[in-house]
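Q: Sequential numbering from 1 applies to the sequence shown in the working numbering.
For the record, the hints were derived by calculation from the structure and aren't laboratory data. Keep in mind that the hints are not guaranteed to be accurate.
BS3-like mimics (lysine-lysine), calculated; alpha carbons at most 25 Å apart, straight line [said to hold, decoys possible]:
#1 Lys-19 to Lys-241
#2 Lys-19 to Lys-7
#3 Lys-139 to Lys-103
#4 Lys-161 to Lys-171
#5 Lys-36 to Lys-24
#6 Lys-24 to Lys-7
#7 Lys-248 to Lys-171
#8 Lys-103 to Lys-140
#9 Lys-161 to Lys-212
#10 Lys-24 to Lys-241
#11 Lys-248 to Lys-212
#12 Lys-248 to Lys-174
#13 Lys-212 to Lys-174
#14 Lys-234 to Lys-212
#15 Lys-171 to Lys-139
#16 Lys-161 to Lys-174
#17 Lys-7 to Lys-38
#18 Lys-174 to Lys-140
#19 Lys-234 to Lys-248
#20 Lys-241 to Lys-212
#21 Lys-161 to Lys-139
#22 Lys-36 to Lys-19
Label pairs and their computed distance ranges (CB to CB) [unchecked claim]:
#23 Ser-165 to Asp-245: 20 to 28 Å
#24 Ala-93 to Asn-129: 17 to 25 Å
#25 Glu-100 to Glu-282: 37 to 45 Å
#26 Lys-24 to Met-1: 17 to 25 Å
#27 Asp-59 to Phe-264: 32 to 40 Å
#28 Glu-92 to Met-1: 47 to 55 Å
#29 Asp-90 to Leu-2: 49 to 57 Å
#30 Arg-54 to Gly-272: 38 to 46 Å
Keep in mind it's a predicted model, so treat the numbers as computed, not measured. Quick reminder that beta carbons are idealized off the backbone N, C-alpha and C, glycines included.
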Amino acid sequence: MLEGVLKDLDPIVTEALWKAIEGKELSVEDGYELFKVKGAELLALIVVADEVRRRTVGDVVTYVVNRNINFTNICTIRCSFCAFSRPMGDPEAYLLSVDEVAKRAEEALRMGATEVCIQGGIHPRIDANFYAAICREVKKRAPGIHIHAFSPMEVVYGAEKSGLSIEEHLKMLKEAGLDSLPGTAAEILDDDVRRDLCPLKIDVDTWVRVIKVAHRLGIPTTSTMMYGHIEGIKHRVNHLKLLRDIQKETMGFTEFVPLTFIHFNTPIYLKGKARAGATGIEDVKMYAVSRLMLNGYINNVQVSWVKLGVKFAQFCLNAGANDFGGTLMEENISRAAGATTGQYLPPEEIRRIIRDAGRIPAQRDTLYNIIRTW
1 MLEGVLKDLD
11 PIVTEALWKA
21 IEGKELSVED
31 GYELFKVKGA
41 ELLALIVVAD
51 EVRRRTVGDV
61 VTYVVNRNIN
71 FTNICTIRCS
81 FCAFSRPMGD
91 PEAYLLSVDE
101 VAKRAEEALR
111 MGATEVCIQG
121 GIHPRIDANF
131 YAAICREVKK
141 RAPGIHIHAF
151 SPMEVVYGAE
161 KSGLSIEEHL
171 KMLKEAGLDS
181 LPGTAAEILD
191 DDVRRDLCPL
201 KIDVDTWVRV
211 IKVAHRLGIP
221 TTSTMMYGHI
231 EGIKHRVNHL
241 KLLRDIQKET
251 MGFTEFVPLT
261 FIHFNTPIYL
271 KGKARAGATG
281 IEDVKMYAVS
291 RLMLNGYINN
301 VQVSWVKLGV
311 KFAQFCLNAG
321 ANDFGGTLME
331 ENISRAAGAT
341 TGQYLPPEEI
351 RRIIRDAGRI
361 PAQRDTLYNI
371 IRTW
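Working from the sequences, and respecting the hints, build out all of it.
A: Okay, structure coming up:
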């Protein structure tokens, strides 16, 4: 079948796809070529990504029962792609207390969640002690729940506010109950792009340092990329290669989550400086190329139903992805940017979507241990 699919294509594309099928590592140049495909070559890319996914992780599609808790939208760094943040004193600004965060974690546990994902803006009045207090109180009130919390940006900010090193802060959080770290705040791992996108955010070297220290301390992390704004193909491919290089060294990434840019209400789009998000074809290519470039190193590729919409997320399960993400229960950031998808997807609906794609649904925990196959 694959021979027929790869027949009569551009020889450069054919060679890259055969390398992927044979389990060989794709080069940066291969990635560039695959992101440029159209027509029959695009269809071949999708077929090969799906086959490589099948050979690597099988036909199971996983999901996690979790709750997102965004504890504050007050943020001093005001990234140009973000429509969620508010300045101090804004009528819509909020900061949840430690007690309220723990209460929401308790509710999540009662609803069957195994994970809470806790993140917030860079609030001028919080520090490492606040982050640690959240972890301790959540562990106390929702025993057994996995705390997946605090971006590398928050780790650096908390450390600086409290006079700690990155390692000291991460050790403090781990002792307080932190189980894993979201690999967010990555956006595009290129400092030239970041100067326009998020000039006050940590630079690439700092992001990498936080991730590597976390992995060394036994704190696993996810990995992400936000795309579809001002970056080009080379930035996407270089980002994937950097993640692959980190994983070769640490093996601490649990998954890769491509995050398509939701543009509607964002400052950078409203000023005419960014595109109106990725096209559907770009989204499909992102999943397929990610699978092929990361395969063998980061084997779990997650679709974001909040950003893609449920129907298109389901389709992307045929382009290399093997995880449907979480139930979330609430999700504020994409919604603030203009996403129209709901804040909660019940587990039974996720299972229906997965079965309709011809795959086998399985509930997992944060670290991809299977809890139940349906």
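Q: Each of the hints needs a verdict: does it hold here or not?
A: Now the hints, each set against the structure:
Of the supplied pair hints, the one linking Lys-19 and Lys-241 holds, its CA atoms being roughly 16 Å apart against a limit of 25 Å. This hinted pair checks out: Lys-19 and Lys-7 have alpha carbons roughly 15 Å apart, not beyond 25 Å. For the hint linking Lys-139 to Lys-103, the alpha-carbon distance of about 11 Å falls within 25 Å, and the restraint holds. With a C-alpha separation of about 16 Å, the suggested pair Lys-161 and Lys-171 falls inside the 25 Å cut-off, and the hint holds.
Between Lys-36 and Lys-24 the alpha-carbon distance is near 20 Å, which keeps this suggested pair within the 25 Å criterion. Restraint check for Lys-24 and Lys-7: satisfied, since their Cα atoms lie roughly 20 Å apart, inside the 25 Å limit. Between Lys-248 and Lys-171, the direct Cα distance comes to roughly 23 Å. Compliance with the 25 Å bound is thereby established for this hinted pair. At roughly 11 Å between alpha-carbon atoms, Lys-103 and Lys-140 fall within 25 Å of each other, so this suggested pair holds.
A C-alpha spacing of about 21 Å is found between Lys-161 and Lys-212, which places the hinted pair at or below 25 Å, so the restraint holds. Of the supplied pair hints, the one linking Lys-24 and Lys-241 holds, its CA atoms being roughly 14 Å apart against a limit of 25 Å. At roughly 11 Å between alpha-carbon atoms, Lys-248 and Lys-212 fall within 25 Å of each other, so this suggested pair holds. Proposed proximity of Lys-248 and Lys-174 is supported: the alpha carbons are some 24 Å apart, at most 25 Å.
With a CA separation close to 15 Å, the supplied pair Lys-212 and Lys-174 stays within the 25 Å bound. As the CA atoms of Lys-234 and Lys-212 are separated by approximately 24 Å, the hinted pair is consistent with the 25 Å bound. Taking the CA atoms of Lys-171 and Lys-139, the gap is near 16 Å; set against the 25 Å cutoff, the hint holds. Taken as a hint, the Lys-161 and Lys-174 pair is honoured in the structure, with Cα atoms around 18 Å apart against an allowance of 25 Å.
For the given pair, Lys-7 sits about 15 Å from Lys-38 by alpha-carbon distance, which is consistent with the 25 Å threshold. A threshold of 25 Å between alpha carbons decides the hint, and for Lys-174 with Lys-140 the separation of about 14 Å falls inside it, so the pair holds. This hinted pair checks out: Lys-234 and Lys-248 have alpha carbons roughly 21 Å apart, not beyond 25 Å. As the CA atoms of Lys-241 and Lys-212 are separated by approximately 15 Å, the hinted pair is consistent with the 25 Å bound.
Our distance criterion of 25 Å between C-alpha atoms is met by Lys-161 and Lys-139, whose separation comes to about 24 Å. Simply put, Lys-36 and Lys-19 have alpha-carbon atoms about 17 Å apart, close enough for the 25 Å limit, and the pair holds. Against the hinted window of 20 to 28 Å, the Cβ-Cβ separation of Ser-165 and Asp-245 comes to about 24 Å, which satisfies the hint. In this structure the hint that Ala-93 and Asn-129 lie 17 to 25 Å apart at CB holds, the actual value being about 21 Å.
A hinted range of 37 to 45 Å for the beta carbons of Glu-100 and Glu-282 is consistent with their spacing of about 38 Å. Between Lys-24 and Met-1 the beta carbons are some 20 Å apart, a value that agrees with the proposed interval 17 to 25 Å. Checked against the hint of 32 to 40 Å, the pair Asp-59 and Phe-264 passes, with Cβ atoms roughly 35 Å apart. Between Glu-92 and Met-1 the beta carbon distance is about 54 Å. The supplied range of 47 to 55 Å therefore holds.
Between Asp-90 and Leu-2, the C-beta spacing of about 55 Å keeps the proposed range 49 to 57 Å intact. For the hinted restraint 38 to 46 Å between Arg-54 and Gly-272, the CB-CB distance of approximately 43 Å keeps it satisfied.
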